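Trainee: Generate coordinates for the entire structure from the input sequences, incorporating the hints supplied.
Read off the chains here:
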Amino acid sequence: MNKRAFIATIAELVPQGSRVLDLGCGDGDLLNYLQLHRGCDGYGVEIDDQNVLQCVRRGVQVLQLNLDEGLKMFEDSSFDVVLQIDTLQNLRNAETMVIETVRVGKIGIVAFPNFAHWPNRLSILRGAMPVTKRLPYQWYDTPNIRVGTFYDFELLAQKNKIKILDSFGVKDSHVMRAFPNLMAPTAVFKIEG
Amino acid sequence: MSFIAIPQIMNFSEPLNLCSGDTLESYQLAYETYGQLNDSKSNAVLICHALNASHHVAGEYEGEGPKSVGWWDKMIGPGKSVDTDQFFVIGVNNLGSCFGSTGPTHLNPKTKKIWGGAFPVVTVEDWVSAQQRLVNALGIKRLCAVMGGSLGGMQALSWTLQYPDQVLNSVVIASAPNLNAENIAFNEVARRAIVNDPDFHAGHFYEHDVIPRRGLKIARMVGHITYLSDDVMNTKFGRALKNDSLKYSTQEVEFQIESYLRYQGEKFSEYFDANTYLLITRALDYFDPAQKHQNNLSQAFEKIKSKFLIISFKTDWRFSPARSREIVKALIDNKRAVTYSEIDAPHGHDAFLLDDPRYLSVVRSYFEEIFKNLEN
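These protein sequence lines map, in sequence, to chains A and B. To convert, take the position in the first sequence, counting from 1, and add 4; that gives the numbering used here. To convert, take the position in the second sequence, counting from 1, and add 25; that gives the numbering used here.
Do not rely on the hints blindly, as some may be mistaken.
Here are the computed lysine-lysine pairs in the DSS-like style, where the Cα-Cα straight-line distance is at most 30 Å [what the hints assert, rightly or not]:
#1 B:339 - A:76
#2 B:360 - B:66
#3 B:138 - B:292
#4 A:7 - A:194
#5 B:360 - A:76
#6 A:76 - B:330
#7 B:166 - B:360
#8 A:194 - A:167
#9 A:110 - B:360
#10 B:317 - B:328
#11 B:360 - A:167
#12 B:92 - B:261
#13 A:110 - B:330
#14 B:397 - A:7
#15 A:194 - B:328
#16 A:175 - A:7
#17 A:110 - B:328
#18 B:317 - A:76
Pulled from the structure, derived: some chain A residues nowhere near chain B, Cβ distances all over 12 Å [said to hold, decoys possible]:
#19 20
#20 28
#21 37
#22 148
#23 151
#24 182
#25 185
Calculated from the structure, these hints are not laboratory results. Since we're looking at a predicted model, the values are computed, not measured. We treat Cβ as the ideally placed atom computed from N, Cα and C, and that holds for glycine.
Mentor: Now the structure itself:
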């Protein structure tokens with residue numbers, strides 16, 4: 005996945021000048037991009053020391069918190085957009101965090117690896133957990149503890165009465181709207197509580 | 026070997042009205058400065074000290090060697106996290122202290138007697154008001170940062186509430202928006218130990234030519250326990266014995282931890298003033314910026330303009346991360362600029378004075394950003 009191009013694709017979904025909260029912001033790349041190119045401001049949340057340091061170095065405001073402890077710190081609808089890019093699959097309380105995302109944000113944008121992408125299905129048919137460019141980990145050392153599909157997320161949203169404003173797959177930074185559950189390694193959802 | 030620091034004194038003749046209603050007619054502040062103030066006077070950083078420290082923040086005193094090194098020398102100096110090649114750093118001693126600024130060991134100009142127990146109660150806000158006059162007198166209109174740990178962090182926070190236009194950045198480390206009951210309780214034990222020492226004489230022990238050492242020692246022993254984490258104490262001392270075998274004595278030192286605490290207490294009682302200890306712990310107790318705002322910290326922070334770096338340490342139980350997060354939350358509620366780092370250091374509250382590389386790097390990077398954005 006081309007990181008720069010993927011960031012640009014996600015940024016398209018964020019309205020100009022939004023106040024954003026980026027959950028699991030990593031080294032602050034996306035927030036930095038949103039600040040520079042879309043006039044946004046806000047905070048990143050990150051747990052890793054090295055990533056926190058990278059954020060501080062580039063002047064991205066970062067809060068070192070453990071997302072598994074929830075979003076108590078943030079009030080209802082206190083951000084225009086809450087981003088959860090490649091974070092959900094690492095969280096123990098994934099369902100709560102999706103609900104929290106649309107509580108704190110007027111809209112939420114969630115992206116995660118789609119485990120129903122056809123090479124993954126093939127791998128499972130062969131009897132082995134997928135190891136791909138998008139999912140480079142072995143099953144025994146993967147940080148991805150919540151393995152879901154594009155379709156699964158639709159069900160989760162439905163269960164929690166979360167409205168899907170837009171959804172699509174992403175492959176090689178191209179938006180894929182046809183058969184995303186089968187064809188896309190990455191699922192992207194724009195949601196509202 | 027660090028650089029040579031030179032302590033200075035500034036006198037103030039304009040009376041200072043204190044929160045208690047008392048007035049200090051005149052007073053002096055001890056301070057030190059490191060580095061050069063730039064032409065636009067935009068690179069000044071003020072360092073606020075915690076309980077037992079002083080204006081001697083960094084460097085060594087001429088001819089006194091490494092033993093005289095400042096209390097935050099690991100953080101501040103040429104090439105360090107707060108780089109004195111880039112910033113003009115001011116260390117200031119607070120009112121009521123025993124290290125040079127006007128305090129209980131000084132003469133009360135009205136009575137011509139040593140203040141002792143009659144020295145007025147001072148608060149964090151009073152200290153900050155006095156510090157602001159020093160900053161003004163040095164010709165600095167706006168600090169690019171004010172920084173402190175623990176009680177020093179409370180001052181760094183109070184600056185942004187008292188003088189919102191005079192501070193660009195506030196760095197608040199291992200601190201809290203107020204003390205909780207447990208914390209006040211520890212302070213009270215320490216104060217009672219001092220006040221109940223027969224040598225205390227209601228704070229006028231100087232006249233009797235004695236020092237309430239026993240009280241001071243116990244106060245320091247209690248304090249010291251709360252500055253360390255359980256893990257560090259167990260790693261450092263565990264149940265190690267002072268001697269080869271048990272003495273079966275209730276009075277003598279049996280365990281290494283006892284020996285250590287007695288030594289720390291002893292050392293402290295030789296250089297610290299008992300009245301200062303009472304005053305400073307009281308200032309800690311009183312600090313509570315939310316109190317005038319229905320205990321709503323977010324409301325109290327509405328006037329804040331500064332940007333913040335907040336740091337806490339996971340094993341600090343005296344000023345726990347949860348307390349720092351309260352500050353962070355109130356800033357976020359007000360859409361203020363804040364970065365928060367929670368350092369997984371094992372050392373408890375003491376970590377803010379130590380040299381954990383993650384901690385020092387975050388501060389360094391934050392100050393590099395401040396330097397990049399300085400007005401020239």
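Trainee: Next, verify each hint and record whether it holds.
Mentor: Hints, one by one, checked against the model:
| no. | hint | verdict |
| --- | --- | --- |
| 1 | B:339 - A:76 | holds, 18 Å |
| 2 | B:360 - B:66 | holds, 28 Å |
| 3 | B:138 - B:292 | holds, 28 Å |
| 4 | A:7 - A:194 | holds, 19 Å |
| 5 | B:360 - A:76 | holds, 16 Å |
| 6 | A:76 - B:330 | holds, 24 Å |
| 7 | B:166 - B:360 | holds, 25 Å |
| 8 | A:194 - A:167 | holds, 9 Å |
| 9 | A:110 - B:360 | holds, 16 Å |
| 10 | B:317 - B:328 | holds, 13 Å |
| 11 | B:360 - A:167 | holds, 27 Å |
| 12 | B:92 - B:261 | holds, 23 Å |
| 13 | A:110 - B:330 | holds, 26 Å |
| 14 | B:397 - A:7 | holds, 27 Å |
| 15 | A:194 - B:328 | violated, 35 Å |
| 16 | A:175 - A:7 | holds, 12 Å |
| 17 | A:110 - B:328 | holds, 26 Å |
| 18 | B:317 - A:76 | holds, 25 Å |
| 19 | 20 | holds, 18 Å |
| 20 | 28 | holds, 15 Å |
| 21 | 37 | holds, 18 Å |
| 22 | 148 | holds, 23 Å |
| 23 | 151 | holds, 28 Å |
| 24 | 182 | holds, 41 Å |
| 25 | 185 | holds, 37 Å |
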